[in-house]
Amino acid sequence: MSRLHESDTLVIGGGVVGMALAYGLARAGERVQLLDEGDDAYRAARGNFGLVWVQGKGLGRPAYARWTLGAAAAWPAFAAELAERTGVDVELSQIGGLTMCLGEEELAARADQLRRLREELGVAYPFEVLDPGRLRQLIPQTGPAVAGAVMCPLDGHTSPLRLLRALVQAYEDLGGRLTAGARVEALEFRERGFEVHAGEKVYSAAKLVLAAGLGNRELAPRVGLSAPVQPNRGQILVTERLQPFLKHPTLYVRQTGEGVVQIGDSKEDVGLDDSTTLAQLSRIADRAAKCFPLLAAVNIVRTWGALRVMSPDGFPIYQASASCPGAFVVTCHSGITLAPQHAGALVDWIRGGDEPVEIRGFKAERFDVQTH
Amino acid sequence: MFRRIEGQAPRRAVSLAIEGSDVQAREGDTLAVALLQAGVDHFRETPVSGAPRAPLCLMGVCFDCLVEVDGVANVQACMVTVRDGMQVRLQHGARHAEAAT
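Protein sequence lines correspond, in order, to chains Z and Y.
Residues in the first sequence are numbered from 1 upward in steps of one, following the numbering used here.
Residues in the second sequence are numbered from 1 upward in steps of one, following the numbering used here.
Everything labelled a hint here was simulated from the structure, so no lab data went into it.
There may be inaccurate statements among the hints.
[As the list claims (entries may be wrong)] Pairs of lysine to any residue, SDA-like flavour, derived with a Cα cap of 25 angstroms:
#1 K247(Z) <-> H96(Y)
#2 K267(Z) <-> Q243(Z)
#3 K201(Z) <-> L178(Z)
#4 K247(Z) <-> P47(Y)
#5 K247(Z) <-> A296(Z)
#6 K363(Z) <-> P62(Z)
#7 K247(Z) <-> V88(Z)
#8 K290(Z) <-> D84(Y)
#9 K247(Z) <-> Q8(Y)
#10 K247(Z) <-> A54(Y)
[To be verified] One-sided excerpt, in silico: chain Z residues whose CB lies under 7 angstroms from chain Y:
#11 R241
#12 L242
#13 Q243
#14 E258
#15 E268
#16 G271
#17 A289
#18 L294
#19 V298
All C-beta atoms in this analysis are idealised placements derived from N, C-alpha and C, irrespective of residue type, glycine included.
All chains should be built: construct the whole structure from the sequences, respecting the hints.
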């Protein structure tokens, strides 16, 4: 590694994607400097739901399904490693996740989707369709309006906030430097590396990793990359703490280790607006109360909106710059699920190793307009 | 531990039950005040660590005075006034939610 710079790698973005990468780089022995924007930044990492989710992901894109399967399989060791390094329990539980379906049609469509995925993949892709009787055996609190559920034993959940905290702590323990409140003002490629101006300071490194979420859209073109990502809003409600009643995560309702029930979500194209709306919150609450009638009488203590970082097809962009060697862009929607891949296989690639086969198709060129 | 400020105009007595024992309060008292006056020095234990809690703010902000009132858990004792016949139970851990039948 070059000693011309104070760091080997600069990581832009301190969300769960940037932190997983920075942690992985520091773990591999690199000198890493991470720059994080101010608290007024849009932060998917601090507003998300916390699922470690496999079921349904990657239909039509088997490579993404394989990348996700690899992540889910790596999660137990990843969580154990973070706990050992930091003492932070990220509350990982992978005992199987459910998609509760309110109508027969919804259930049939969901099951069909997973059958097609299984065929496409040609690998073990376990899931089970639970009829109302089986579902109530598993979760007695299920409401009468539920037609059934699809359960995938590979799915789980974690505390996204504990995960972020564990990554920060593990990174800093390894000597990684984290500068908060440092919004990138200028970004330049020089012959021997990169120079970044942020918060009245100048940082330089041989490599640059852009993991700035929605900020990547503007930053990537400055180093010969492209990240045409758009915000997509999700709204979430959380309840007061309750005695445990729901061990399994479901796609829209999960109970946290502290007893809070987290309820999602919406998918809204509303630009850079992370506020909440009564219309969406009541729709979300109504659906949750149909799935679990006991929630109808429970107090909601907080609601929020957060912005997903979505590429045009919803899949990640992992790309090395051709014109500015050493620059990488990383963006995805599933920063929690994919965290072990980002800290592991992706870091190995950024450090000069082989590019993982699963991600070779995730280049921004796929969004270019085709001409004839 | 707590005593009333002297010289206040008398108010009607209200009877409520705390953990099954009859307690006299005064009309207009919040439940939190009635509990403190009755010598209850901790109202609940937290769901996560089990640490004892008593009211801190007495104005609806801190949520440390949660008790069960007439079978409904997680009621802020500082935000309700006493009523005759009110059945109050102290909370141990998180609320147990059940579907209405």
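Results of checking the hints against the structure:
1. K247(Z) <-> H96(Y): holds, 15 angstroms
2. K267(Z) <-> Q243(Z): violated, 30 angstroms
3. K201(Z) <-> L178(Z): holds, 14 angstroms
4. K247(Z) <-> P47(Y): Answer holds: K247(Z) to P47(Y) is near 17 angstroms, not above 25 angstroms.
5. K247(Z) <-> A296(Z): holds, 19 angstroms
6. K363(Z) <-> P62(Z): holds, 15 angstroms
7. K247(Z) <-> V88(Z): Measuring from Cα to Cα gives roughly 20 angstroms; hence the hint holds.
8. K290(Z) <-> D84(Y): violated, 36 angstroms
9. K247(Z) <-> Q8(Y): At roughly 53 angstroms apart (the allowed maximum being 25 angstroms), Q8(Y) and K247(Z) break the hint.
10. K247(Z) <-> A54(Y): Status violated; Cα separation ~30 angstroms.
11. R241: holds, 4 angstroms
12. L242: holds, 5 angstroms
13. Q243: With a minimum Cβ separation of about 5 angstroms from chain Y (threshold 7 angstroms), the hint on Q243(Z) holds.
14. E258: holds, 5 angstroms
15. E268: Violated, because the Cβ-Cβ distance from E268(Z) to chain Y comes to roughly 29 angstroms (cut-off 7 angstroms).
16. G271: violated, 34 angstroms
17. A289: violated, 9 angstroms
18. L294: It holds, given that the least Cβ distance between L294(Z) and chain Y is near 4 angstroms, below 7 angstroms.
19. V298: holds, 5 angstroms
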